[in-house]
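Keeping the supplied structure of chain R fixed, place chain L upon it in accordance with the hints.
2 protein chains.
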Amino acid sequence: MNETSHILDANMMPGQLLARGVCRHMATQGFVCIEEFTPAKGLRVDVIALGQKGELWVIECKSSKADFQTDKKWEGYLEWCDRYFWAVDMDFPTDLLPEGTGLMIGDSYAAEIICMAPESKLAPARRKVIIQKFAMNAARRLHALRDPMARVWG
Amino acid sequence: MNETSHILDANMMPGQLLARGVCRHMATQGFVCIEEFTPAKGLRVDVIALGQKGELWVIECKSSKADFQTDKKWEGYLEWCDRYFWAVDMDFPTDLLPEGTGLMIGDSYAAEIICMAPESKLAPARRKVIIQKFAMNAARRLHALRDPMARVWG
Numbered sequence: 001m002n003e004t005s006h007i008l009d010a011n012m013m014p015g016q017l018l019a020r021g022v023c024r025h026m027a028t029q030g031f032v033c034i035e036e037f038t039p040a041k042g043l044r045v046d047v048i049a050l051g052q053k054g055e056l057w058v059i060e061c062k063s064s065k066a067d068f069q070t071d072k073k074w075e076g077y078l079e080w081c082d083r084y085f086w087a088v089d090m091d092f093p094t095d096l097l098p099e100g101t102g103l104m105i106g107d108s109y110a111a112e113i114i115c116m117a118p119e120s121k122l123a124p125a126r127r128k129v130i131i132q133k134f135a136m137n138a139a140r141r142l143h144a145l146r147d148p149m150a151r152v153w154g
Numbered sequence: 001m002n003e004t005s006h007i008l009d010a011n012m013m014p015g016q017l018l019a020r021g022v023c024r025h026m027a028t029q030g031f032v033c034i035e036e037f038t039p040a041k042g043l044r045v046d047v048i049a050l051g052q053k054g055e056l057w058v059i060e061c062k063s064s065k066a067d068f069q070t071d072k073k074w075e076g077y078l079e080w081c082d083r084y085f086w087a088v089d090m091d092f093p094t095d096l097l098p099e100g101t102g103l104m105i106g107d108s109y110a111a112e113i114i115c116m117a118p119e120s121k122l123a124p125a126r127r128k129v130i131i132q133k134f135a136m137n138a139a140r141r142l143h144a145l146r147d148p149m150a151r152v153w154g
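Going down the list, the sequences are from chains R and L.
In terms of the UniProt record's numbering, the first sequence is residues 1 to 154.
In terms of the UniProt record's numbering, the second sequence is residues 1 to 154.
It is worth saying that the hints were derived from the structure and are not from the lab.
Treat the hints with care, as some may be off.
Just so you know, same-sequence chains aren't split out, so a pair can sit in one copy or run between any two.
Taking lysine-lysine and the DSBU-like style, the derived pairs with C-alpha atoms no more than 30 Å apart in a straight line are [unchecked claim]: (1) K41 <-> K73; (2) K41 <-> K72; (3) K133 <-> K53; (4) K133 <-> K41; (5) K53 <-> K121; (6) K53 <-> K41; (7) K72 <-> K128; (8) K73 <-> K53; (9) K133 <-> K72; (10) K121 <-> K73; (11) K41 <-> K65; (12) K72 <-> K121; (13) K133 <-> K121.
Same shape as in the complex, but just chain R (with noise of 0.2 Å):
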């Protein structure tokens, strides 16, 4: 590690390293993420990632036993993925976690995929729909971050 990546990481929070790590792991297998994703509006999930062949799937951070007991959220992610996945640590309590789902064990470095989700598939016009969004959401990060003088989006 250099000396940026020390301040980068201690600028994040302990679901943000986890899901850079998720990240990294979903990267190898030919997939691209976004943090921090909004596929209806209340809703924002931790990572969502893009397939070849346009699978989506969300994977969810927990830091901790109470980051995953205060989350009323996570059923309602379901309907927007393909693949519903938890991401924890190695230290979190895995038998807490709803039967139904995947999970990814990591840390701020890499993750591995312990047990596959099962496969409820989108309907067509609903990723179509999230690819379009995500599409937009990309580019309009990455637009920010190479030019921050144009901040256009408010």
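Just chain L, lined up with the frame of chain R:
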């Protein structure tokens, strides 16, 4: 302008500066853009813009007459967008530009549509492919910027 923007400008080619102005303009119109996008092998467009309804526009940025005259590939871009534009600066001899294409005039800070390009709608299957590619490309670049240590895409 602050010092950072001077440094950025100095490292950019004239066509890239024009592309920056084009992307800023498109953002004000609710589009998001990627620069140097490859819709298909062997083709690379200067700017591709994606609208909220999935509209896809291609904008080729020409910094000089010579830059335009050496472009042998532009006709190959027409089948990858709904509308095709040239973007040039104020001094460009616009009489040279072919009929049936749109025109933007701009600089590194902004651009304006002078002549709307005719619409030639993409087939739904092709639009789907391009938006998927757009989404993956934008997210991959975004990931590389926000987590440079990941470096998983070689």
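Checking an output row: K72 and K121, CA cutoff 30 Å. Within, between, both or neither?
within (23 Å within a copy, 43 Å between copies)
Measure nothing new, just compare the shortest in-copy and cross-copy C-alpha distances for K121 and K73 to 30 Å and report within, between, both or neither.
within (20 Å within a copy, 40 Å between copies)
If the cutoff is 30 Å on CA atoms, where do K53 and K121 land: within, between, both or neither? Let me know, please.
Close inside one copy (12 Å) and across copies (23 Å); limit 30 Å.
Within a copy, between copies, both or neither: which one fits K133 and K41 at a CA-CA cutoff of 30 Å?
Both: 12 Å inside a copy, 25 Å across copies.
When no copy is named, should K41 and K73 be tagged within, between, both, or neither for a Cα gap of at most 30 Å?
So K41 and K73 pass the 30 Å test inside one copy only (12 Å; across, 42 Å).
As a check of your reading, is K53 near K41 (CA-CA no more than 30 Å) within one copy, between copies, both or neither?
both (26 Å within a copy, 18 Å between copies)
Using 30 Å as the alpha-carbon threshold, which applies to K133 and K72: within, between, both, or neither?
Close inside one copy (24 Å), not across copies (34 Å); limit 30 Å.
I want to check one pair: K133 and K121. Are their C-alpha atoms no more than 30 Å apart within a copy, between two copies, both, or neither?
Classified as both: same-chain Cα gap 18 Å, cross-chain 20 Å, threshold 30 Å.
Within a copy, between copies, both or neither: which one fits K72 and K128 at a CA-CA cutoff of 30 Å?
within (27 Å within a copy, 34 Å between copies)
First find the shortest C-alpha distance between K41 and K65 inside one copy, then the shortest across copies, and answer within, between, both or neither for a cut-off of 30 Å.
Classified as within; 26 Å inside a copy, 48 Å across copies.
Within a copy, between copies, both or neither: which one fits K41 and K72 at a CA-CA cutoff of 30 Å?
Only inside one copy: K41 and K72 sit 15 Å apart there, 46 Å across copies, limit 30 Å.
When no copy is specified for K73 and K53, does a C-alpha distance of 30 Å or less occur within a copy, between copies, both, or neither?
both (27 Å within a copy, 28 Å between copies)
Hint compliance for this structure: no hint is broken.
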